[in-house]
Amino acid sequence: MNTTIRRASVFCLLMVLALLVRATWVQAYEARALADDEHNRRNTIAQYAQPLGDIIVAGSPVTGSKETDGGDLRYERTYTQGEMYAAVTGYSSQAYGATQLEGIYGDVLDGTDDRLKSPADVITGRQTAPGSVLTTIDPAVQKAAFEALGDDRGAAVAMDPETGRILGMVSSPSYDPSDISGTTDGDAWRKLLDDRTEPLVNRALRQPLAPGSTFKLVVAAAALENGLYGSVDEPTDSPAPYTLPNTSTVLSNENPSAPCENATLRTALQYSCNNVFAKVAADLGQDELKAMADAFGFDTSRLDVPVRASESVYPTGMDEAQTALTGIGQFEVTATPMQMAMVSAALSNGGELASPHMVAEVTDADGSTLQEYPDGDTERVVKESTAEQLRSAMVTVVEEGTGGNARIDGAEVGGKTGTAQNGVDNSNTPYAWFTSYAKDASTGEQVAVAVVVEDSGAARSEVSGNGLAAPVARQMMKAALGS
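The sequence shown maps to residues 0 to 482 in numbering that gives the first Met the number 0.
It should be emphasised that the hints constitute simulated quantities derived from the structure, not laboratory data. Hints are not guaranteed to be accurate.
Stated by the list, open to error - As a list, the in silico EDC-like pairs of lysine to aspartate or glutamate whose alpha-carbon atoms are at most 16 angstroms apart: (1) 477 to 439; (2) 382 to 351; (3) 190 to 175; (4) 116 to 106; (5) 477 to 408; (6) 477 to 444; (7) 65 to 53; (8) 142 to 53.
To be verified - What follows is a list of derived Cβ distance ranges for each label pair: (9) 247 to 406: 40 to 50 angstroms; (10) 185 to 299: 49 to 59 angstroms; (11) 373 to 188: 30 to 40 angstroms; (12) 113 to 225: 47 to 57 angstroms; (13) 80 to 188: 19 to 29 angstroms; (14) 247 to 186: 47 to 57 angstroms; (15) 200 to 470: 18 to 28 angstroms; (16) 305 to 79: 18 to 28 angstroms.
Note that the structure is a prediction, hence the values are computed from the model and not measured. Virtual Cβ for every residue (Gly too), placed ideally from N, Cα, C.
Working from the sequences, and respecting the hints, build out all of it.
Here is the structure:
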């Protein structure tokens, strides 16, 4: 054999060996990565080869599956009352992926989760029957929120203060996930993306806004916990009008005739006195306020319910005037409805905040538990005496103050209204807020609710927490208490 042929043979042998090494590497080490790659069509085919497992509300599925007319994707996701439950379920789309509970528990719902498999299934790679996701949602509360919000742009959350169970979660405007569950829904998808009202955004969890005067509950809690004032009925040192520290800017009150000068915290919550809470915030300082806000759940980047909520923020690095503005829930304070429901829930529950959760249990096809989310996992936020005083003041808000539209016959209802500025120099329609709790003395049932209405189409002069948000909260609380 001459030199040229020998070299060519060696080169070819090395090439064959390289190919064998590469094939071995791919099979042994990269197979899983390739199998899990989002662009691998086989995954989507396998996902929709059988009916998906269901998301359950009060024992009944709010999801389903139907056979497609053809193609390699045999089944398509369907939804019962899709618009009403979209903020809970999210969507599972053959073309656009999955979100919220559909996305988080996708492996359970399509039968690929290893916990569903027997040892033989793991070895053979056989697809198993899917599991189910059991939610904590109360259908009566969900329906009440959906119908009460109507066409208004906003969101609402209700939770059980003692257990942390989320009883209702609605975002408006909503959408029907069935409209985008197939492969030929491009027009519907583009319409949702182009909609300026952003129906795909879960406003209950993912849209932090200025909380306005509802944040005054956090400020009042800080004042009591830090000993600035001994009780909600002790007069404060609060001049009216109040000039922001080191400025010439005078902070006005919504009701100029309200008895806000040196008002007690009870009276200040009743009439929503800006001068009192701005002065309290300035006196406490940003560090004390931030510590109190954080105890209620602000500045938590990993609030998973199990869908992750956007972070609600109490800012830092402020001057005295800016700190004073945070006392009325303005400047750069932001909160989600989930966060403000947590504030009322902690006060309703004697100062202890139960971890909010929307899923009770994840099961296999036979109903055996794969994962369980315990109720009542609590952390103390404020002393029981502080919570008791603030509940009393919140009741005054509803019975004698700005929250009268939340009253429920036969129940103890406490709340706080808020109207938050929106836009440069408050140029846009303000946000209307209401956060509250209700207790039924005869049954022991209780519920905490937060509602925000971003835009109702009402004239600017008609926007108020009591006028727009409190009626929604009332309907939700009535449904939760069975009133």
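The hints, checked one at a time:
no.: 1; hint: 477 to 439; verdict: holds, 10 angstroms
no.: 2; hint: 382 to 351; verdict: holds, 8 angstroms
no.: 3; hint: 190 to 175; verdict: holds, 12 angstroms
no.: 4; hint: 116 to 106; verdict: holds, 12 angstroms
no.: 5; hint: 477 to 408; verdict: holds, 10 angstroms
no.: 6; hint: 477 to 444; verdict: holds, 11 angstroms
no.: 7; hint: 65 to 53; verdict: holds, 13 angstroms
no.: 8; hint: 142 to 53; verdict: violated, 20 angstroms
no.: 9; hint: 247 to 406: 40 to 50 angstroms; verdict: holds, 41 angstroms
no.: 10; hint: 185 to 299: 49 to 59 angstroms; verdict: violated, 37 angstroms
no.: 11; hint: 373 to 188: 30 to 40 angstroms; verdict: holds, 38 angstroms
no.: 12; hint: 113 to 225: 47 to 57 angstroms; verdict: holds, 50 angstroms
no.: 13; hint: 80 to 188: 19 to 29 angstroms; verdict: holds, 21 angstroms
no.: 14; hint: 247 to 186: 47 to 57 angstroms; verdict: holds, 56 angstroms
no.: 15; hint: 200 to 470: 18 to 28 angstroms; verdict: holds, 23 angstroms
no.: 16; hint: 305 to 79: 18 to 28 angstroms; verdict: holds, 22 angstroms
Consistency note: the structure conflicts with the earlier hints numbered 8 and 10.
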